[in-house]
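Chain A is already provided as a structure; the job is to place chain B on it using the hints.
Next come the chains, spelled out residue by residue.
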Amino acid sequence: MSAPVVTGLGVVAPNGLGVEAYWAATLRGESGIARITRFDPSGYRAELAGQIDIDPGAHLPSRLLPQTDLMTRLALIAADEALADAGASPRDLPDFAAGVVTAASGGGFDFGQRELEALWSKGSTYVSAYQSFAWFYPVNTGQISIRHGMRGPSAALVSEQAGGLDAVAKARRNLRSGTALTLAGGVDGSLCPWSWLCLTRSGRVTESADPRRGYVPFDVDASGMVPGEGGALLVLEDPGAAVERGVTDIYGSVTGYAATFDPRPGSGGEPGLRRAIELALADAGLEPGGIDVVFADAGGVPELDRQEADALVAVFGPRGVRVTAPKSMTGRLLGGGGSLDLATALLSLRDQIIPPTVHLDRPAFAAELDLVAGSPVRTSLTHALVVARGHAGFNSAMVLRGDKELES
Amino acid sequence: MPHFAIDDLITLLRECAGEDESVDLDGANVRDLSFEELGYDSLALHNTVNRIEREFGIRLPDDVVTEAKTPRELLDEVNLRLKQTS
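Chains A and B, in that order, give the protein sequences.
Quick note on our numbering: the first sequence kicks off at 1083 and runs consecutively.
Quick note on our numbering: the second sequence kicks off at 132 and runs consecutively.
If we strip away everything but chain A, and leave its shape as in the complex, we get:
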């Protein structure tokens, strides 16, 4: 079974809209984390986020605006970019040849809040009929499917930050079952008072007001995470089908994946992360030494950072592999975070350069982790491992190989 290839990318991130703008900002170490401006965050326990502001009318037809949350608008923008990048027009493919698999954390919170406000302040006749789906967690899959005529096997996954990898893994399974092309990944986030209340009550969001030091995973001063908006969508294709379509240039292949679940809290069992990494390596047929760079989950909560450092040391040995966390520039994008890391890893493999972790002033795991900090590192790269953990026990790991040309 040949590994599925990635033929197109679409990125929306707090530090850059579009693949190349995001990648350039990431290599420059530019952060998109700042105080929330969409609403007044004073009065909440946290105020930093990776917010994305767009003029939706400049990107999408007016027919879609009254029926979409920002989360969906961003996903549609990323889908347009990814399909164009792949040179794919799903409508020209056989009717059920192309599908969509997206990850989400909750749904269109901002849209939902607005309609609930209308319901309680004015009455039911003021609630938009689009509330029936606009808030719903699979809405991005549905809207992308409709916009691009992608009627093949489709799905939506909810496993918090692990979802960004799990969606791509589900797409891989669909390709194995005969689907030619699948657009997969996550684009999440709709910052609004309702979602902010839910997020900040998780206890994992930093209360720091300093954009530079709020989200500093693997740092002595780690105080929690900063949530962000955005993510990435990947065009995955069966290599044979891609050749048939005339594709020659690719970003790489998905060669390994595994997902595990943490033991019951309080049971004292080892977190499932190490097992997820080992199983993903086995799936890829690689020894740990075959991995050139790890894109860390980087929880930003001291206990989570410790668990991840332990797992990486258990698999790779102390400072046994280069590790980076470019999400220190975007915040954690919930369902979109893992997918953005996949896109970033593929760009890293393409350009043979590891983007930095920013603002790591006081490394807490200097003996354990060889973190690329401050500025990018040019080096020879063949395989990247992306690690993602989702709140409530989800662990996923995915191995990517940086192939430039499609073997026909």
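Worth double-checking, as some hints may not be accurate.
As the list claims (entries may be wrong) - Below, in silico cross-link-like pairs of lysine to aspartate or glutamate (EDC-like), each with a Cα-Cα straight-line distance of 20 Å or less:
(1) A:K1204 to B:E184
(2) A:K1204 to B:E186
(3) A:K1486 to A:D1331
(4) A:K1486 to A:D1167
(5) B:K200 to B:D157
(6) B:K200 to B:D163
(7) A:K1486 to A:D1374
(8) A:K1204 to B:E146
(9) B:K214 to B:D139
Just so you know, these hints were derived from the structure itself, not from any lab.
Here is chain B on its own, set in the frame of chain A:
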């Protein structure tokens, strides 16, 4: 007596459901094209009918969304109610 005209309907359709790029809502024969041809599905009409009911203080039958196939049929239904309530 208030009257609901085609321009009023088009304004509300645009506000409630946007506008399909490939359709000319200002075209001469827009009254007799089907809502489907104009790019509006049943949810778009639900939103628009809700707005009409609120703005004019009338109540339209629940099945108007499926029964009224064209702007002309919806206009007739709305104006009938306006006549009855005035």
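Results of checking the hints against the structure:
For the suggested pair K1204 (chain A) and E184 (chain B), the alpha carbons sit about 14 Å apart, so the restraint of at most 20 Å is met. Distance hint between K1204 (chain A) and E186 (chain B) is fulfilled; the C-alpha atoms sit about 14 Å from each other, no more than 20 Å. With a C-alpha separation of about 6 Å, the suggested pair K1486 (chain A) and D1331 (chain A) falls inside the 20 Å cut-off, and the hint holds. Annotation: proposed proximity of K1486 (chain A) to D1167 (chain A) holds, straight-line Cα distance about 15 Å (limit 20 Å).
Only pairs whose Cα atoms come within 20 Å are accepted, and K200 (chain B) paired with D157 (chain B) is accepted, the gap being roughly 18 Å. Under the criterion of a C-alpha separation no larger than 20 Å, the hint pairing K200 (chain B) with D163 (chain B) is consistent with the structure, at around 9 Å. For the hint linking K1486 (chain A) to D1374 (chain A), the alpha-carbon distance of about 17 Å falls within 20 Å, and the restraint holds. Proximity of K1204 (chain A) to E146 (chain B) is assessed by CA-CA distance (about 19 Å); at most 20 Å being required, the pair is judged to hold.
This hinted pair checks out: K214 (chain B) and D139 (chain B) have alpha carbons roughly 17 Å apart, not beyond 20 Å.
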